[in-house]
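**Student:** Quick mapping for you: the protein sequence lines, in order, are chains A and B. For the first sequence, the UniProt record's numbering begins at 1 and goes up steadily by one. For the second sequence, the UniProt record's numbering begins at 1 and goes up steadily by one.
The hints are simulated quantities; they were obtained by calculation from the structure and are not laboratory data. A quick note: this is a predicted structure, and the numbers were derived from the prediction, not measured. A hint or two may mislead.
[What the hints assert, rightly or not] No more than 27 Å apart at the CA atoms, straight line, and that leaves these computed lysine-lysine pairs for DSSO-like:
| hint | chain 1 | residue 1 | chain 2 | residue 2 |
| --- | --- | --- | --- | --- |
| 1 | A | K207 | B | K277 |
| 2 | B | K277 | B | K203 |
| 3 | A | K207 | A | K263 |
| 4 | A | K125 | B | K277 |
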Amino acid sequence: MVNTLAPETTERAHSPRSLAPAVDGPGRPRRRQALVAYFFLAPTLLFFAVFLILPLGFALLLSMSRWAGFDLGDIDPVGLDNFTRLFADGSTFLAPILTNTLLFALGTVALALAGSVLVATCIDKLRFQGLWRTLYFLPIITTVVAVGNVWKYMYEPGGLVNGVLNTLGLGSVAFLQDPDTALPSVVVVQAWASVGSAILVLTAGLKSIPESYYEAAALDGAGPVTVFWRITVPLLRPSLLFVCITQFLTGLQSFALIIVMTKGGPGDATNVAALEMYRQAFSYGDWGTASAAAFVLFVVVLMVTLVQLWFFRRKGEDV
Amino acid sequence: MIRRRFPWFSYLLVVTGAVLMVVPFLDMVMTSFKGPGEYGTLPYRFLPKALDLSNYRAAVGQLDLPVLFRNSVIATAVITGSVLLTSSLAGYALAKLRFPGRDFIFRLVLSTMMFPPFLFLIPHFLILVHWPLAGGNDLFGRGGAGLTVSIAALAMPFLVNSFGIFLMRQFMVSIPDEVLEAARIDGAGEFAVWWRIVLPQTKPVLVTLGLLTFVDAWNEYIWALLVSTANPDVMTLPVGIQLLQDYVDPTRTMPIVMAGLVLSILPVLILFLLLQKYYIRGVMLSGLK
Numbered sequence: 001m002v003n004t005l006a007p008e009t010t011e012r013a014h015s016p017r018s019l020a021p022a023v024d025g026p027g028r029p030r031r032r033q034a035l036v037a038y039f040f041l042a043p044t045l046l047f048f049a050v051f052l053i054l055p056l057g058f059a060l061l062l063s064m065s066r067w068a069g070f071d072l073g074d075i076d077p078v079g080l081d082n083f084t085r086l087f088a089d090g091s092t093f094l095a096p097i098l099t100n101t102l103l104f105a106l107g108t109v110a111l112a113l114a115g116s117v118l119v120a121t122c123i124d125k126l127r128f129q130g131l132w133r134t135l136y137f138l139p140i141i142t143t144v145v146a147v148g149n150v151w152k153y154m155y156e157p158g159g160l161v162n163g164v165l166n167t168l169g170l171g172s173v174a175f176l177q178d179p180d181t182a183l184p185s186v187v188v189v190q191a192w193a194s195v196g197s198a199i200l201v202l203t204a205g206l207k208s209i210p211e212s213y214y215e216a217a218a219l220d221g222a223g224p225v226t227v228f229w230r231i232t233v234p235l236l237r238p239s240l241l242f243v244c245i246t247q248f249l250t251g252l253q254s255f256a257l258i259i260v261m262t263k264g265g266p267g268d269a270t271n272v273a274a275l276e277m278y279r280q281a282f283s284y285g286d287w288g289t290a291s292a293a294a295f296v297l298f299v300v301v302l303m304v305t306l307v308q309l310w311f312f313r314r315k316g317e318d319v
Numbered sequence: 001m002i003r004r005r006f007p008w009f010s011y012l013l014v015v016t017g018a019v020l021m022v023v024p025f026l027d028m029v030m031t032s033f034k035g036p037g038e039y040g041t042l043p044y045r046f047l048p049k050a051l052d053l054s055n056y057r058a059a060v061g062q063l064d065l066p067v068l069f070r071n072s073v074i075a076t077a078v079i080t081g082s083v084l085l086t087s088s089l090a091g092y093a094l095a096k097l098r099f100p101g102r103d104f105i106f107r108l109v110l111s112t113m114m115f116p117p118f119l120f121l122i123p124h125f126l127i128l129v130h131w132p133l134a135g136g137n138d139l140f141g142r143g144g145a146g147l148t149v150s151i152a153a154l155a156m157p158f159l160v161n162s163f164g165i166f167l168m169r170q171f172m173v174s175i176p177d178e179v180l181e182a183a184r185i186d187g188a189g190e191f192a193v194w195w196r197i198v199l200p201q202t203k204p205v206l207v208t209l210g211l212l213t214f215v216d217a218w219n220e221y222i223w224a225l226l227v228s229t230a231n232p233d234v235m236t237l238p239v240g241i242q243l244l245q246d247y248v249d250p251t252r253t254m255p256i257v258m259a260g261l262v263l264s265i266l267p268v269l270i271l272f273l274l275l276q277k278y279y280i281r282g283v284m285l286s287g288l289k
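So that you can see chain A by itself, here it is in the shape it has in the complex:
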């Protein structure tokens, strides 16, 4: 669900208060409290062992093996073969799949960021702010199956988008069937679906900009555009960066929307790394290649995550 923390909560994790020791009750030996604590933690630790540590090891083993998927004894270690094959000449993994993944993530970030900055700054000046935010928030609580299908239908020749184009006197576009328009069309949907949460984070950032800055700018006779670029954007930078990185991380990992809308097609036009992993494993039963693809994507995601952690930790020290 979540693999990043809002800056504020990370900061709280490092506050000295979090290290405050619990006081031992009189007549209750510390050993007893440790026993209770481990009892309380037992389900969690058991879960971590079975569904976290074991799977990580298993996935790493699979990424360096060839295996048909039946008898665990038949796992055949092949070293880095799966990885070299992913990047061999003629492999589709680097291009178009990994390229699509980056384009998908970048496109989503660009659209969602531009949209959410504009809307969030404008909502900040209006009445009924809660109502507006709720409307922008609707796609987030909806299943990806609903979002994907509604848009897939809207992109069809008899659907809403082409209906609007036709009314404007333009010809119909085969959005999801044309390899040139398929990826941008899916990017629009992903951005549409994620604008609401970006607005929330940016709103929190906007609320922390002192009103006096705007009053001073108005006294100096600055217009709304100048105020936006000279005051709002620079002071909003931490929130903007946070939205940027987290949306980018989400974009790199998305594939449910693509399964629902295009199944990666036409050809490989909308295929992304996580979807390729899914298909290699569950359509072709090639667990080795699938796991190798998963680890390559993981390394990309990890690098972005580390950049984020590094940035926000440094930010925390500055404050």
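Please build the complex by placing chain B on the supplied structure of chain A, with the hints as guidance.
**Tutor:** Relative to the frame of chain A, chain B by itself:
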């Protein structure tokens, strides 16, 4: 209020955007009421000619809706209940109890949030297939289908949530030790302290976490798809509705799919509208989803 000098531009932009956000949902509802021959014809018409309920009847008839609903409800309830229970237990231990290895376990919880979900898809599935002594498997996980054929498989990978533990711990740290100490002096055991003192104080966070978990579990698609491919008896609503496209006459598919979608998102929508304050706080706490 200098910032409110040109609100007409803001209204224009925000309302246009809001229309763009809502229109797909309206289109879904409108399409779900379009009768035979109304969908896919040119020129495009937004409004249906009449409120035709045949798509809803067809969706209910084509899908085993009671079973899909039951599976979705069971999986969602089990996941939400388990996450609330394990998060509040572990959160309490990490916030308020003293024991060797506490810092290590807390760091472990934090670091698990760095691993993206897609990395676990394959190993989780294979671990459930090769679960020992389940679904015809022997002690070494050979021979059968393992746990993938049981409804438990829908919930298992989501039973514990590191973010939930983190959230509960951060909140419980701020409960004064004196309150807990007073209860202990009155003879309450740690379990009673957790249940009677700590849980009532954390109710708002529990609602937030419960709602976040509920919405995620109800909307889960990829994992539910994998599990129900192995065993159609445990299919959930999102998977069933997506599969609907394969069953129905193509010229009538979309309106029926839309009817199914309307039915499937209603429970979450109602819950969200009732408790949106808690949900939105949860999303802000957890960063972006």
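**Student:** Taking the hints in turn, state whether each one holds.
**Tutor:** Against the structure, the hints:
1. For the hint pairing A:K207 with B:K277, the CA-to-CA distance comes to about 17 Å; that is within 27 Å, so the pair holds.
2. Distance hint between B:K277 and B:K203 is fulfilled; the C-alpha atoms sit about 14 Å from each other, no more than 27 Å.
3. Of the supplied pair hints, the one linking A:K207 and A:K263 is violated, its CA atoms being roughly 41 Å apart against a limit of 27 Å.
4. For the given pair, A:K125 sits about 21 Å from B:K277 by alpha-carbon distance, which is consistent with the 27 Å threshold.
This entry does not satisfy hint 3, going by the numbered hints stated previously; all others are met.
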